[in-house]
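Colleague: Letter by letter, the chains look like this.
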Amino acid sequence: MKIVLKDLTKRYPGRGRKAQGDVIAVDHFNFEIPDGKLIGLLGPSGCGKSTTLNMICGLEKPTEGRIFFGDDDVTDLPPENRGVGMVFQSYALYPHLTVRQNIRFPLENRKGKDRMTRAEMDAQADEVARLVQIDGLMDRKPGELSGGQQQRVSIARALVKMPRVLLLDEPLSNLDARLRLQTREEIRRIQTETGITTVFVTHDQEEAMSISDGIVVMEAGVVNQIGKPQDVYDDPVNLFVAKFLGTPAINVFAGEVRSGHLFIGNEDVLEVRGAAEGEVFAGIRPEGFVPDEGGPLTLNLVRVEVMGRDTSVVSTHPALEGATVRSIISTENRIDPDAKTVRFSLKPAKVLLFAKETKERIRFEY
Amino acid sequence: MQNNKFKAWLYLLPAFVFLGIFMVYPLIDVFVYSFEEGYNSASQTYFGTGIYNYRYVLRDPYFLQAVKNTFLLVIITVPLSTGLALLISVGLSSIKPLRDLFQTIYFLPYVTNTLAVGLVFMILFQKTPYTDGFVNLIIKWFGGKSIDFIDGPYWAKMFVMCFYTVWVVMPFKILILTSALASVNPVYYSAAKVDGTSRFRIFRRITLPMISPMIFYLVITGFIGAFKAYSDEVAIFGTNLNAAGMNTIVGYVYDMLYGDSGGYPSYAAAAAIILFAIVLTITCINLMVSRRNIHYT
Numbered sequence: 002m003k004i005v006l007k008d009l010t011k012r013y014p015g016r017g018r019k020a021q022g023d024v025i026a027v028d029h030f031n032f033e034i035p036d037g038k039l040i041g042l043l044g045p046s047g048c049g050k051s052t053t054l055n056m057i058c059g060l061e062k063p064t065e066g067r068i069f070f071g072d073d074d075v076t077d078l079p080p081e082n083r084g085v086g087m088v089f090q091s092y093a094l095y096p097h098l099t100v101r102q103n104i105r106f107p108l109e110n111r112k113g114k115d116r117m118t119r120a121e122m123d124a125q126a127d128e129v130a131r132l133v134q135i136d137g138l139m140d141r142k143p144g145e146l147s148g149g150q151q152q153r154v155s156i157a158r159a160l161v162k163m164p165r166v167l168l169l170d171e172p173l174s175n176l177d178a179r180l181r182l183q184t185r186e187e188i189r190r191i192q193t194e195t196g197i198t199t200v201f202v203t204h205d206q207e208e209a210m211s212i213s214d215g216i217v218v219m220e221a222g223v224v225n226q227i228g229k230p231q232d233v234y235d236d237p238v239n240l241f242v243a244k245f246l247g248t249p250a251i252n253v254f255a256g257e258v259r260s261g262h263l264f265i266g267n268e269d270v271l272e273v274r275g276a277a278e279g280e281v282f283a284g285i286r287p288e289g290f291v292p293d294e295g296g297p298l299t300l301n302l303v304r305v306e307v308m309g310r311d312t313s314v315v316s317t318h319p320a321l322e323g324a325t326v327r328s329i330i331s332t333e334n335r336i337d338p339d340a341k342t343v344r345f346s347l348k349p350a351k352v353l354l355f356a357k358e359t360k361e362r363i364r365f366e367y
Numbered sequence: 020m021q022n023n024k025f026k027a028w029l030y031l032l033p034a035f036v037f038l039g040i041f042m043v044y045p046l047i048d049v050f051v052y053s054f055e056e057g058y059n060s061a062s063q064t065y066f067g068t069g070i071y072n073y074r075y076v077l078r079d080p081y082f083l084q085a086v087k088n089t090f091l092l093v094i095i096t097v098p099l100s101t102g103l104a105l106l107i108s109v110g111l112s113s114i115k116p117l118r119d120l121f122q123t124i125y126f127l128p129y130v131t132n133t134l135a136v137g138l139v140f141m142i143l144f145q146k147t148p149y150t151d152g153f154v155n156l157i158i159k160w161f162g163g164k165s166i167d168f169i170d171g172p173y174w175a176k177m178f179v180m181c182f183y184t185v186w187v188v189m190p191f192k193i194l195i196l197t198s199a200l201a202s203v204n205p206v207y208y209s210a211a212k213v214d215g216t217s218r219f220r221i222f223r224r225i226t227l228p229m230i231s232p233m234i235f236y237l238v239i240t241g242f243i244g245a246f247k248a249y250s251d252e253v254a255i256f257g258t259n260l261n262a263a264g265m266n267t268i269v270g271y272v273y274d275m276l277y278g279d280s281g282g283y284p285s286y287a288a289a290a291a292i293i294l295f296a297i298v299l300t301i302t303c304i305n306l307m308v309s310r311r312n313i314h315y316t
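Going down the list, the sequences are from chains U and E. Under the numbering used here, the first residue of the first sequence is numbered 2, with each subsequent residue one higher. Under the numbering used here, the first residue of the second sequence is numbered 20, with each subsequent residue one higher.
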């Protein structure tokens with residue numbers, strides 16, 4: 002089931018004595034989520050991603066705009082008539098009910114001709130429990146389960162009514178690092194197996210990039226960029242998106258474009274044909290640095306961190322926006338940890354220029 | 020380790036001493052008195068030991084009346100006040116404007132003096148040669164016949180008693196239940212809403228189980244409190260409760276000790292032990308029933 006968001010807007014009335022107008026949580030969100038895809042809504046806290054999810058779910062009413070599931074306009078429908086399953090950040094499992102009762106709960110609400118017998122409900126509950134691999138835990142209470150198991154129960158409860166759309170709010174934030182890795186693969190597997198169009202919200206870019214078919218980067222209620230994870234990472238539209246994606250984060254320098262060349266400080270570090278002249282922010286991805294004795298960019302070495310798979314070089318530069326430059330290089334390059342400075346040349350594809358004023362991307366040829 | 024154990028006992032000592040002197044010793048003492056026939060506290064003498072006191076008390080029509088009154092009061096007021104408090108709390112939790120005002124209004128009786136409130140109730144309900152009282156005015160206005168609630172038929176007096184008790188115990192229950200309701204994480208309601216759960220089902224399947232420990236607490240303390248009722252009766256019906264036929268078990272104990280017919284500590288002790296046994300039994304039954312229906316998280 003494809004989801005179409007048309008000019009989706011949510012405004013909250015300003016509160017308090019000094020309230021000045023409305024607070025805009027989501028501002029004219031336009032997006033078409035293709036059928037059967039897994040989409041990540043990504044952004045810092047307060048960017049409106051959860052509000053968007055709640056509007057798709059039906060827990061909140063949009064101030065403006067329409068929501069379509071396929072060709073049905075569901076904007077004015079209550080959640081239960083939309084056919085959505087929702088997984089909450091805290092799982093929201095009813096603590097006094099067993100796992101089986103929790104999963105069965107949505108089915109017990111059905112009335113009229115949709116009403117199911119106890120046996121039908123149990124059969125359906127058992128089926129989704131097998132899908133999320135918790136069929137051995139059906140008679141336990143949520144309090145007796147680990148965080149990862151609770152998460153699965155909560156997904157099972159969302160799936161048991163065979164929803165057209167599955168929504169997950171920060172599904173991994175309450176899990177520890179190891180479980181997070183495992184669970185996100187699990188979510189991907191369940192999504193692929195069921196083929197249900199899925200939207201999930203996260204502030205963790207790694208989480209979003211690793212399992213989604215597409216990501217939506219939001220900032221302050223506005224959609225910045227929509228695309229495949231790798232495309233957004235390689236080709237961000239503005240400085241915010243560039244900074245938000247990638248760990249370690251992109252290194253941002255104050256620079257200047259003069260006669261087709263990028264200058265950081267007084268060093269001509271790269272030829273940038275076609276870029277407009279003037280002051281810019283130059284963002285360099287950590288993997289964009291190549292150790293080079295004769296390289297144009299000289300950094301003051303702070304320390305070298307050996308990570309095993311690769312090496313992280315921490316250094317500083319006067320023109321840097323931020324505390325340190327972090328560059329990731331392969332272990333084949335030996336950097337003398339006692340050296341004062343380290344010289345790099347740059348991979349042009351990993352250097353991103355942004356206008357000083359608008360912070361919009363400036364493209365160049367290389 | 021040994022030193023720590025000593026310290027622990029040292030810290031516990033004040034509590035033990037006070038509890039021992041003011042709780043445990045009197046309890047044992049009352050138990051002993053209840054088996055001593057004709058104990059005289061002035062001369063510290065008694066005739067013999069046995070269950071005579073219990074036999075006397077259990078055959079005393081005043082005691083039987085007191086037991087009947089107390090049981091009626093408990094059975095009527097505990098479920099009624101808890102249910103009403105739950106209803107009002109749910110109402111209070113679902114309104115937004117003026118919630119604080121209403122919560123204050125509902126809490127006011129709690130900080131008001133029992134005797135003063137009792138007098139107000141008496142004036143509202145009493146029929147005197149000069150006036151029929153406020154409540155009777157209303158009854159007459161609706162075309163009914165005036166009733167003497169304070170000095171009239173038994174059911175009318177019982178009605179005033181229960182009405183008053185419910186009114187007095189409600190504020191505390193409402194306070195406890197509104198905070199219990201507020202402590203239920205709203206995400207459960209969101210989850211239930213996504214699944215299209217009806218309001219009634221949300222209340223029965225989610226809200227009630229989640230606040231069940233608090234309801235249970237209120238029922239237990241309500242039972243115990245109602246079994247110990249006494250001062251409220253005095254406030255409405257005066258000190259001679261036996262004459263009014265509205266005595267309670269605690270009232271009977273008091274009368275046996277200090278009342279006009281007083282001076283019988285042995286009988287008082289026996290009655291007190293019977294009350295203790297009743298309350299203990301009821302509380303145990305409550306605990307057994309609750310084990311299946313209360314959900315602690």
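One or more of the hints may lead you astray.
The calculated lysine-lysine pairs, modelled on DSS-like cross-linking and capped at a C-alpha distance of 30 Å, are [unchecked claim]:
#1 K341(U) - K229(U)
#2 K7(U) - K229(U)
#3 K229(U) - K360(U)
#4 K112(U) - K229(U)
#5 K351(U) - K341(U)
#6 K360(U) - K244(U)
#7 K244(U) - K7(U)
#8 K115(E) - K114(U)
#9 K142(U) - K62(U)
#10 K7(U) - K212(E)
#11 K244(U) - K38(U)
#12 K348(U) - K229(U)
#13 K159(E) - K146(E)
#14 K24(E) - K142(U)
#15 K38(U) - K7(U)
#16 K348(U) - K360(U)
#17 K212(E) - K3(U)
#18 K3(U) - K114(U)
#19 K62(U) - K115(E)
#20 K7(U) - K360(U)
#21 K38(U) - K3(U)
#22 K212(E) - K38(U)
#23 K159(E) - K62(U)
#24 K112(U) - K212(E)
Just a sample of chain E residues kept apart from chain U, beta carbon distances all over 12 Å, derived [to be verified]:
#25 V43
#26 V109
#27 P228
None of these hints come from the bench; they were simulated from the model. The C-beta atom is built at its ideal place from N, Cα and C for all residues, glycine as well.
Colleague: Would you list, in rising numerical order, the hints stated earlier that this structure does not obey?
Modeller: Violated hints: 1, 4, 8, 9, 14, 23 and 27; rest satisfied.
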